[in-house]
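Student: For reference, the chains in residue letters:
Number of protein chains: 2
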Amino acid sequence: MKKFLNQVDTLLDESLNGFAKAHSDIIQLNSQPHFVQRVQPKRNKVALISGGGSGHEPLHTGFVGVGMLDAACPGQVFTSPTPDQMLAAAQAVAGDAGVLFIVKNYAGDVMNFEIAAEMLDCPNMIVLVNDDVSLPKSHSTGRRGVAGTLIVEKIVGAAAENGADLATCKALGDRVNAATASMGVALNSCTVPALGKPTFTLSDTEMEMGVGIHGEHGRETLPLSSATEIVEHLANAIDAELQPKAGQTVLLHINGFGATPLMELYLIYELAEQFWQQRGITIVRSLVGNYTTSIDMAGCSITMTLMDEELLALWDAPLHTAALRWGC
Amino acid sequence: MKKFLNQVDTLLDESLNGFAKAHSDIIQLNSQPHFVQRVQPKRNKVALISGGGSGHEPLHTGFVGVGMLDAACPGQVFTSPTPDQMLAAAQAVAGDAGVLFIVKNYAGDVMNFEIAAEMLDCPNMIVLVNDDVSLPKSHSTGRRGVAGTLIVEKIVGAAAENGADLATCKALGDRVNAATASMGVALNSCTVPALGKPTFTLSDTEMEMGVGIHGEHGRETLPLSSATEIVEHLANAIDAELQPKAGQTVLLHINGFGATPLMELYLIYELAEQFWQQRGITIVRSLVGNYTTSIDMAGCSITMTLMDEELLALWDAPLHTAALRWGC
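Those sequence lines, one after another, are chains P and Y.
Residue numbers are given in our numbering: position 100 of the first sequence equals residue 100, and the series is strictly consecutive.
Residue numbers are given in our numbering: position 249 of the second sequence equals residue 249, and the series is strictly consecutive.
Careful: at least some of the hints might be erroneous.
Copies of the same chain look alike in the list, so a pair counts if it works inside one copy or between any two.
Once the Cα atoms are required to be at most 25 Å apart in a straight line, the calculated DMTMM-like pairs of lysine to aspartate or glutamate come out as [stated by the list, open to error]: (1) Lys3 x Glu232; (2) Lys42 x Asp204; (3) Lys137 x Glu232; (4) Lys2 x Glu220; (5) Lys21 x Glu229; (6) Lys3 x Glu220; (7) Lys245 x Glu229; (8) Lys3 x Glu273; (9) Lys42 x Asp96; (10) Lys137 x Glu241.
I should point out that these hints are in silico values taken from the structure, not numbers from a laboratory.
Kindly produce the complete structure, drawing on both the sequences and the hints.
Tutor: Printed below as a string of structure tokens:
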């Protein structure tokens, strides 16, 4: 394993300390228990809180700030944060308007956020994100939450900043999640520091189609094909799920898993744009880059969200976080 | 070689097309010859133009926009752009105030930008960036231009946007370059698509200290050490070059080479911050992420710029490019 680290046990702490120092104008870090919160909490709004295992940076800590999350709880690498983190984060940032937890659909995350929600003595609700269409809806634990999570966080974040109440934010989050579909492909595995070796192996001529953001087995291991064929595979699955009609406006997000160059991600964007342009779909907003990563996995995912005027205005609303910033 | 591509020959074109579509609000692409320019050229200012081999994205195309570059000329991967690209870009964006070319110090880039400068029939000057302290100043072709380039481009870009004249922009660029030092380390080689195999090889227990952004051999191949020791090695070289005194304010930029997770880059930031904090240096601005990449190399570089009030105000000035955005 070749990584920049001192000890596996101290990697997360040292990294979070650096993150907090580099962005002290936006966020502050609480260490016991771990959570990142806005440097100036705004208590007269619904507090948006997310979290999950580390290793997906900038998700979620990089999305704390004006117009998006109020706090994020980082677990150990690929490990759910604990309820005490969520509870402490909520107590640090929430006011009378209550708390909306935005949770990716993984058993550990769901269980721990539900425990925190029960323990919390202010109004609260949970939005479950399950945008990964590589699994069937009937899958035993449901579909996974992947790169669409940031779109839910951004759009609901803008609504909360504008003063939307808890029920409105919850309904909006569910609506964005339902309008969003993602699917990914891996060329090479990530290496979890505590494990010290790749999570899975692929030969030089294979790819993992429908891979999860922790290296979970996808739909199938396939022979490595051309970028055009890969995009058609991913885009067909997303298109079958969302069934956009000609004339539909969408947001298209190409997400890198950590080790894929921007040059290749823009190539993927070009091919996905062609795929949907031929079907009469209009991409009104886009986001291309490494936002929901899988440590050092080579690969990418495509995410589409069906947009309307309301969602577009919320997407465009001012945003100031470590990883995304516009309008301020 | 495992990459997302159709054919090696079409990768750059397809990627640039995707980049142009994803950022059509900021930039437009000219195809014959290749250059990227602001969608709305502002002709009553000094035009800032940069360029170089592709494979370092987002450098330079990702830095075209309000407050930074007016145009960028992408060459083939790790290959200088040609003088006709630079000339066409200059003719597309320049007005009476003239052109400032910002050029990383590589023989091919320097030769081609000098040819373009001679052919151009409006006032023009060149700022040569050579911030890589891994090589001695006496090196036969001089020191390489690396991640400090974006700091020169940002600061001079703000001055040009404010109406500074050509001589002022040139002097400012030279001053920022002289106040900037960088050094990098690789854990693994990049793979150039046309080559199809890694540029160099390192064993599982080796690292390349002082590596160039094309995988050039550095100061020495060393046994892989702890992150703290790596940071001390890089920071000592930078510190010896710039010799910041206690009380000096600086900008600290941790740059990833493409395949290094953000979690590790923030760990590097933390350790570098500690290194200089112990010496009484104050980091007033920071930038952590993959900005001057080497395709899919695993590794990072540290860049420091000695700041003053003028440079700080220019760094903070509004900026709207594909890769960096603040204040608008």
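Student: Checking against the hints above, which ones are violated?
Tutor: 2
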